[in-house]
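> Chains as they are written, first to last, in the working numbering: chain S, -13 to 242; chain P, -13 to 242.
Be aware that one or more of the hints could be misleading.
No distinction is drawn between identical chains; accordingly, a pair holds when it is met within one copy or between any pair of copies.
Claimed, not checked - Straight-line C-alpha distance at most 30 angstroms; calculated DSSO-like pairs for lysine-lysine:
# : residue 1 : residue 2
1 : K22       : K74
2 : K37       : K113
3 : K241      : K(-10)
4 : K49       : K37
5 : K148      : K113
6 : K49       : K(-5)
7 : K37       : K242
The hints are simulated quantities; they were obtained by calculation from the structure and are not laboratory data.
2 protein chains.
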Amino acid sequence: MEAKALREKIRNGTFDRTTSGAAGDNVQANIVILPKSYAFDFLLYAMRNRKAVPVIEVMEDGKVESSYAEGSDIRTDVPKYNIYRDGKLKETVTDITEYWQDDFVTFLIGCSFTFEQALLEAGLEVKHIKEQKNVAMYRTNIPTEPAGIFSGELVVSMRPFKRELVEKASDVTAQFPDMHGRPVHHGEPSEIGIRDINAPEYGEPIDIDSDEEPVFWACGVTPQNAALNARPSIMITHNPGHMFVTDIKNEDYRKK
Amino acid sequence: MEAKALREKIRNGTFDRTTSGAAGDNVQANIVILPKSYAFDFLLYAMRNRKAVPVIEVMEDGKVESSYAEGSDIRTDVPKYNIYRDGKLKETVTDITEYWQDDFVTFLIGCSFTFEQALLEAGLEVKHIKEQKNVAMYRTNIPTEPAGIFSGELVVSMRPFKRELVEKASDVTAQFPDMHGRPVHHGEPSEIGIRDINAPEYGEPIDIDSDEEPVFWACGVTPQNAALNARPSIMITHNPGHMFVTDIKNEDYRKK
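Working from the sequences, and respecting the hints, build out all of it.
Here it is in C-alpha cells:
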C-alpha cells in the first residue's frame, strides 16, 4: 500500500493493527512525544544510546506534520498510541488530538522494520511477518547510558533464524546502522536477562524451532522503558509494533 | 606539550594564546555554555548542522569536568572565553568561575585543529601554524538550518594552499567527518558572501600568495554567530582559536 493511503486508512480508523510488513519499502518510525521541558534530556538520551534510539526527525513544539510524510498529522496517523502519565501506562488510544499540548515535541526514531524488508529481499524468512504477528520485544538487563531523568535497560526485538542463517541475518542488518544495525545478542536469552522467551514484555510471542536461534536487536521501544524511571508528567508513544509510516524509503538508510 | 600539563598552564594563567598547533595530536574542542532552558534548541541546532557543529560531548548541568579530560575544569581550562549577553559580546575573560550558574550545560564541539595535524602529517604546510597565527574565520552567506531560537549563517575557517594541493588537502580533511570534514568551498571568496578576505570576522588575516587558493571549512564558531540572532540571556564560548584541549587523540576521529 502507498504510504499516504495507509496513513489515511489509519487516520479514519480502518487500519489499527501492527504495521509490520504493511508498508513495503517505506521507513516506519517509533514515536515519542514529550513536553518541551523534557526534550533536552530525551534528545541527549537518544544521542547517547543511538543504537536503540536513532533519531530520524525532531518535530519542534507547534509542528504536527512530519517533513518525511506529506500531509501527515502525528496526532492521528499512528494506528495505536500509548499514553504514559508519571511513568505509568494509562491508556491505549487511536487518536491523541484531545490530549495534544502546544508544547509537545515529537521524536521520530528508526525502527527495525526497515531492515526486515532487507532481510526478506536477501531471501531470509522473517517469521512474525509470515505468521502475521507483531514482533516479540523484551526488556533486558543491558543498561543504557543515562541522560538527565532518562535511564533504564535496553529493550530488544527478537527474530528466530535457523542457526546457519544467523550470521547472514546479522550482516544484512549491519548495513542499517541508523536503524538499530547489527544484533546485540543471539542464542541464550538469559545471558541478557530475559527470563521467559515465551513472555515478551511487548508484542507477541513467537515459537522458536529446535533448529533455530533467537536473534536480538536494540529496539526503539527502549524509551518507553526509560519512561518508567523518568516519570515525565506525560509522554505519548506509539503502541509497540504500531508505527508511524513515512514517505522515505528503507533503502536510503542502507550504508553506502 | 602533554594535554593535562597544558590545561594546567592555561588554568594558572601562564598560557593564554591560541592553542592552534600547541596541543600535538590531542583533540581540541570549541565550547558553548548555555543555561539548560536553551539546551534543547541548541542540541537540535547542532544535530541539524552537524558539519559546522559536531557535538563530541555534552556536559549536563552540574558537571564541570569533561569525560575526555581528566581532572579538567571547564570554568578555568580554556585560554580565553567570550561572554555573550542577549546576543552581544560583552567581555573576553580567562576564567569564568564567577559567572558560573548551576543550570549551565556545556557542549564540546569538534574543531578543525584536529585535521590540521593530519594535514601536517600528509606533508602539507598549514600557513597560520607556520606563521604562529590564529586561523582566519569568516561569516558567509550560507544559511544554517534553524532550530528553535538558533539560526544564522555558516562561519568558516580558511587556509590557503597552492592550487595543485587543494584536492589533496580536501581529501585529507574528508577523513574527519566529525571534525568538519571536507571543505565547503575553495577559490573565490565572494561566492560564499565573503566581502573582504583581508578582514576576517574572527582570528587573524593571512596572506594568500598568487599561486595559492583560499580553502574554506565549516567552523565551530558558527554557534557564536547564531547567538547574535538567538539572543540568549547568557552564552559563554571559547574565544575563537582558544580551544579546550582534551586527552583524546585526533586519530580516533579518522574515518576507518
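> Need the list of violated hint numbers for this structure, in ascending order.
Hint check: nothing fails, all pass.
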